[in-house]
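*Asks:* Residue numbers for the sequence shown follow the numbering used here, beginning at 45 and rising by one.
Note that these hints are calculated values from the structure, not bench results. Honestly, I wouldn't trust all of these hints.
[Unchecked claim] Lysine-lysine pairs mimicking BS3-like chemistry, simulated, CA-CA at most 30 Å apart: (1) 515 / 467; (2) 277 / 121; (3) 478 / 725; (4) 713 / 478; (5) 190 / 180; (6) 515 / 461; (7) 862 / 747; (8) 733 / 478; (9) 277 / 230; (10) 553 / 478; (11) 551 / 461; (12) 551 / 541; (13) 121 / 230; (14) 626 / 467; (15) 97 / 121; (16) 713 / 733; (17) 626 / 725; (18) 467 / 478; (19) 553 / 468; (20) 478 / 230; (21) 517 / 277; (22) 154 / 517; (23) 467 / 551; (24) 747 / 821; (25) 551 / 478; (26) 467 / 553; (27) 478 / 468; (28) 121 / 180; (29) 515 / 478; (30) 551 / 468; (31) 461 / 478; (32) 541 / 517; (33) 230 / 97; (34) 230 / 517; (35) 553 / 626; (36) 747 / 733; (37) 277 / 541; (38) 230 / 180.
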Amino acid sequence: MWPPTILILGCLLSTSQILAFKSNDFKTCAQSGFCRRGRALSARAQAAGSSWKSPYSIDPSSVVLASDHASFTASVKSSIYPTVNFGLDVRLHEDGVVRVRMDEVGGLRKRYDEAASWALVQEPRVNRQIAWTVGKSAVRVVYGEKKNIEVVIEFEPLKVTLFQDGVEQVVLNGRGLLHMEHFRTKEGSQPATITDDDAQTVVQMNPAAWFEGDEQDAWWDETWSTWTDSKPKGPESFSLDITFPNHLHVYGIPQHATNLSLPSTTGPGATYTDPFRLYNSDVFEYLADSPVSLYGSVPLMHAHNTESTVAVFNLVASDTSVDIGRTSTGTETHWISESGIMDLFIIPGPTPADIFARYTRLTGTAPLPPYWGLGYHQCRWNYVNSDDVRSVQDRFDGADIPLDVIWLDIEYSVGHKYFIWDKKNFPDPVGMIKDIEAVERRMVIIVDPHLKRESDYPMYQVASDLGVLVKPKTGSGEYEGWCWPGSSSWIDFFDPKSWDLWISFFKTKSVDGQWAWIDSTENIGIWNDMNEPTVFSGPEISMPRDNVHYGGWEHRDIHNINGMMFTNQTYNALLHRSDPPKRPFVLTRSFYAGSQRFGAMWTGDNLCSWEHMAAGIKMVLSNGLGGIAFGGSDVGGFFGNPDPELLVRWYVVGAFSPLFRAHAHIDSKRREPYLLDEPYKSMIRDTLKLRYAMLPVWYTAFKELSTTGMPIVRPQYVVFPHDPEGFAVDDQFYVGSSGLLIKPITTRGATSTSMYLPDSQIYYNYFTSHAYLTVAKNPRRRTVTVPAELHEIPLLIRGGSIVPTRERPRRSSGLMRKDPFTLRVALDVDGAANGKVYLDEGEGYGHTDGEFVWREFGAETKKGGSSKSKNKELRLWNSNGWKQDGSNDVALYDPSNAFAQTISGVRVERVIILGIGARPAAVHIVGGSPLEWEWEEGSGYGATAEDRAGVLVLMDPAVRIADDWEIVVSF
45 MWPPTILILG CLLSTSQILA FKSNDFKTCA QSGFCRRGRA LSARAQAAGS SWKSPYSIDP
105 SSVVLASDHA SFTASVKSSI YPTVNFGLDV RLHEDGVVRV RMDEVGGLRK RYDEAASWAL
165 VQEPRVNRQI AWTVGKSAVR VVYGEKKNIE VVIEFEPLKV TLFQDGVEQV VLNGRGLLHM
225 EHFRTKEGSQ PATITDDDAQ TVVQMNPAAW FEGDEQDAWW DETWSTWTDS KPKGPESFSL
285 DITFPNHLHV YGIPQHATNL SLPSTTGPGA TYTDPFRLYN SDVFEYLADS PVSLYGSVPL
345 MHAHNTESTV AVFNLVASDT SVDIGRTSTG TETHWISESG IMDLFIIPGP TPADIFARYT
405 RLTGTAPLPP YWGLGYHQCR WNYVNSDDVR SVQDRFDGAD IPLDVIWLDI EYSVGHKYFI
465 WDKKNFPDPV GMIKDIEAVE RRMVIIVDPH LKRESDYPMY QVASDLGVLV KPKTGSGEYE
525 GWCWPGSSSW IDFFDPKSWD LWISFFKTKS VDGQWAWIDS TENIGIWNDM NEPTVFSGPE
585 ISMPRDNVHY GGWEHRDIHN INGMMFTNQT YNALLHRSDP PKRPFVLTRS FYAGSQRFGA
645 MWTGDNLCSW EHMAAGIKMV LSNGLGGIAF GGSDVGGFFG NPDPELLVRW YVVGAFSPLF
705 RAHAHIDSKR REPYLLDEPY KSMIRDTLKL RYAMLPVWYT AFKELSTTGM PIVRPQYVVF
765 PHDPEGFAVD DQFYVGSSGL LIKPITTRGA TSTSMYLPDS QIYYNYFTSH AYLTVAKNPR
825 RRTVTVPAEL HEIPLLIRGG SIVPTRERPR RSSGLMRKDP FTLRVALDVD GAANGKVYLD
885 EGEGYGHTDG EFVWREFGAE TKKGGSSKSK NKELRLWNSN GWKQDGSNDV ALYDPSNAFA
945 QTISGVRVER VIILGIGARP AAVHIVGGSP LEWEWEEGSG YGATAEDRAG VLVLMDPAVR
1005 IADDWEIVVS F
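Whenever a hint applies, use it, and build me the whole structure from the sequences.
*Replies:* Printed below as a string of structure tokens:
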């Protein structure tokens, strides 16, 4: 029997759910040997003060410049282990990124050095237009268009500094915490014991003691809870301090449920006592405010101030802890990883846009998803049978609520043997799927990485026969753990032999008698869950670290990449499923740097609470900074039963997330929006219709993401990087470059909210045309009060924006392909505006051959007469907006391409111009006839106080979205 349920902050949770997060399921830093050692090193350095000196230095005679002087190598020594050798490799990329690699040379074993081969899209090209210069105490280079960036690598102690305009931006090993634990034998490695009486003597006899400590702390094995982790390679952790001397705000290192501007973990006033952890974990019902590691890990950190943005990308795949401390002017961080080499990328700005562009040149941009992936997704664990699925579709249609995707969780499969349908409940899977597809909808079906260990399960048996399953610590046989099916094994996707095998599993037609998933179609999407990996019987609910993967690497070395490898191959399998290929839709829970190349993610098993709803917004923003921009949180919360107010508010959060999916636990009550009473059902219906109307905005933002790396939902500091008042704002955000500013309501009972407006610009309420104008020079006058009753959404349009929408209600996005457009023109303080829209066919790859439409809209007000305040005319135009920037699709682009021809008849049915202060005299198309229009009196774009803007509505101007045209409004 379930425990009694109680009401907690707007949702019903069982007592077991409230207590579900168990801190003893996951290690703290104090319970992890390598993290303890790293923090102890930091403590010794802090206690020593100015007398502390890093033992690592470069031998000047070992510096070797490449033949073109574009990079160099050097030998690094540690004074505490003079017989141990390290190699340093430093190079400058063509785009200004500095890569610093350090590895043990000639050691007893090899450190894991393959993370780059999975995270990077290619080996970056070295800048051959610069030359490093070698001096007596340092190697340096000056570069950049203005020759204002300098990198200096000092010899003794080893220290790397990036300067911009003479100001320190990033410093490596400035605090002397660099330490690469070298490989050693177990015998003869006992450190000396230090006592107060003989401390100085011991330091002289064994200088390692003052640096590494006076005891072996979990060097060769480590016991935690009921598990013992054998460490046959001994200690191999890697520690590095990275300082941003002039940046007080740092962001990134997702995934954590915390503020966007990362709180401190050390020093006076620290928010947390434990460091931020990067170790992909299935944290059941995670806390809404914590540095605990969650499902994904991206070791990328941005640092920002009013003058510059910089970033560091620490390419390591093992368990990593990051301490953050603040100085009076900047931020100190300490990165401690269990294994791996130093492979660090210093990414200069000076703008956030520069960081996104350079980072995604390293790890890749997200591909354009299928258009239907941007619609509304309905999921729960579980829709119980085919009739249930069809009923959900019918009831959405009956309630006039749009829907694009219905999902199936694990119960569709017999005995949790994925790909194999439970024919009792799903007797005709293909028929069911095609019924959904008949109205331009899709299904997404879950495929988890664990394989039930049964000989009659073909996925397990063929993988076992091929020898591509993860091995236990002995290095032979198959690792056996416990997950949903019971006894399970896991495919080792680091093994190339597994790749073609995984592709074959997704084929919808049998080839040469091979097994094929004939009970599916080419249109289904795939949901990869539990890929951290989750192992119910393993330490920290995951795989033992001493398990063995392809190449002999231990699981500890590759843990954070594991989930990406699974999703990578699923994406690849869907790409090979049809000819011509269709864009895959894959959802993953676990991710790593580069996972953006393979699909969407969600924030995992959240609770139905106001705090979790608010945390989800911050997590989606933070993930976007790490490149993982196609994301969202489960609408309504995975666990519990939200009350109507919470659910209505959460649908707004979902509607303004890149991924819009409602999902619920198997023990939760059904909460599909058609089940709600009025007025809540109509509120959610209106929110969903708003999402569908704005699909052109979202799709255009995805196009920007795929070409520039700029996130889809953008924090305040990204859009206004010179405004310090916005650097910590993480409860409101912008959608792409559309000018739309949204602040979802995340507190119970709200009837209004304060929105922060950073500049002296008009902002218009999207629904009422109410105008707001703040005073940018006065921080106290940069907030405005916006109505936010339960039926109201705090959504503003920034002056100077033109927002394209499609406002014909349809059942799904696929039925909107030929629908007309509405243009909302929000005039800025100068009476101007601009916007854009990107369109293609939405499922295939014709866009890579130039089959798309890219339009830019503009508006300009021209003054006339003796008074400069008197308007003469407003000109509004639509033009070909694709710039010749050298990318492949641009080179092929022809405005009259095949796709453009298919939408040649799609028109603009309405133009809404906000900020018109006077009644027009006439409106006409240049070269055409006068237009019908309506005008509502109000203030113009020169408004100085909150007021309703004047609105001019052009009725069916009979212009085409894909054509050039110009409209003139005369006064």
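*Asks:* Decide, hint by hint, whether the structure agrees.
*Replies:* Against the structure, the hints:
1. Pair hint residue 515 plus residue 467 does not hold up; C-alpha atoms about 33 Å apart against a cutoff of 30 Å.
2. Between residue 277 and residue 121 the CA atoms are separated by roughly 21 Å; this keeps the pair inside 30 Å, and the hint holds.
3. Taken as a hint, the residue 478 and residue 725 pair is honoured in the structure, with Cα atoms around 28 Å apart against an allowance of 30 Å.
4. Taking the CA atoms of residue 713 and residue 478, the gap is about 28 Å. The hint holds against a cut of 30 Å.
5. A distance of roughly 26 Å separates the Cα atoms of residue 190 and residue 180; the hinted pair therefore holds under the 30 Å criterion.
6. The hinted pair formed by residue 515 and residue 461 meets the criterion: a straight-line CA distance of about 21 Å does not exceed 30 Å.
7. At roughly 20 Å between alpha-carbon atoms, residue 862 and residue 747 fall within 30 Å of each other, so this suggested pair holds.
8. A hinted pair counts as satisfied when its Cα atoms are at most 30 Å apart, and residue 733 with residue 478 qualifies at roughly 24 Å.
9. Taking the CA atoms of residue 277 and residue 230, the gap is near 9 Å; set against the 30 Å cutoff, the hint holds.
10. Between the alpha carbons of residue 553 and residue 478 the distance comes to roughly 16 Å, so the proposed pair stays at or under 30 Å and holds.
11. For the hint pairing residue 551 with residue 461, the CA-to-CA distance comes to about 17 Å; that is within 30 Å, so the pair holds.
12. Distance restraint check for residue 551 and residue 541: the Cα-Cα separation of roughly 17 Å lies within the 30 Å cut-off, and the hinted pair is therefore satisfied.
13. Only pairs whose Cα atoms come within 30 Å are accepted, and residue 121 paired with residue 230 is accepted, the gap being roughly 22 Å.
14. Taken as a hint, the residue 626 and residue 467 pair is honoured in the structure, with Cα atoms around 28 Å apart against an allowance of 30 Å.
15. For the given pair, residue 97 sits about 14 Å from residue 121 by alpha-carbon distance, which is consistent with the 30 Å threshold.
16. Of the supplied pair hints, the one linking residue 713 and residue 733 holds, its CA atoms being roughly 24 Å apart against a limit of 30 Å.
17. For the hint pairing residue 626 with residue 725, the CA-to-CA distance comes to about 35 Å; that exceeds 30 Å, so the pair is violated.
18. In summary, the hint linking residue 467 to residue 478 is supported, as the alpha carbons are separated by about 17 Å, within the 30 Å threshold.
19. Only pairs whose Cα atoms come within 30 Å are accepted, and residue 553 paired with residue 468 is accepted, the gap being roughly 23 Å.
20. Restraint check for residue 478 and residue 230: not satisfied, since their Cα atoms lie roughly 62 Å apart, outside the 30 Å limit.
21. Annotation: proposed proximity of residue 517 to residue 277 holds, straight-line Cα distance about 12 Å (limit 30 Å).
22. Between residue 154 and residue 517 the CA atoms are separated by roughly 18 Å; this keeps the pair inside 30 Å, and the hint holds.
23. Our distance criterion of 30 Å between C-alpha atoms is met by residue 467 and residue 551, whose separation comes to about 20 Å.
24. Of the supplied pair hints, the one linking residue 747 and residue 821 is violated, its CA atoms being roughly 34 Å apart against a limit of 30 Å.
25. Annotation: proposed proximity of residue 551 to residue 478 holds, straight-line Cα distance about 17 Å (limit 30 Å).
26. The suggested pairing of residue 467 with residue 553 holds, with an alpha-carbon distance near 19 Å, which does not exceed 30 Å.
27. A threshold of 30 Å between alpha carbons decides the hint, and for residue 478 with residue 468 the separation of about 19 Å falls inside it, so the pair holds.
28. For the proposed pair residue 121 and residue 180, the alpha carbon gap of about 17 Å is at most 30 Å, so the pair holds.
29. Pair hint residue 515 plus residue 478 does not hold up; C-alpha atoms about 40 Å apart against a cutoff of 30 Å.
30. Taking the CA atoms of residue 551 and residue 468, the gap is near 23 Å; set against the 30 Å cutoff, the hint holds.
31. Taking the CA atoms of residue 461 and residue 478, the gap is near 23 Å; set against the 30 Å cutoff, the hint holds.
32. A distance of roughly 21 Å separates the Cα atoms of residue 541 and residue 517; the hinted pair therefore holds under the 30 Å criterion.
33. Distance check on the hinted pair: residue 230 and residue 97 sit about 28 Å apart at the alpha-carbon level, within 30 Å; holds.
34. For the suggested pair residue 230 and residue 517, the alpha carbons sit about 18 Å apart, so the restraint of at most 30 Å is met.
35. The suggested pairing of residue 553 with residue 626 holds, with an alpha-carbon distance near 16 Å, which does not exceed 30 Å.
36. Annotation: proposed proximity of residue 747 to residue 733 holds, straight-line Cα distance about 22 Å (limit 30 Å).
37. Pair hint residue 277 plus residue 541 holds up; C-alpha atoms about 27 Å apart against a cutoff of 30 Å.
38. Using a Cα cut-off of 30 Å, the hinted pair residue 230 and residue 180 is violated, with the two alpha carbons roughly 39 Å apart.
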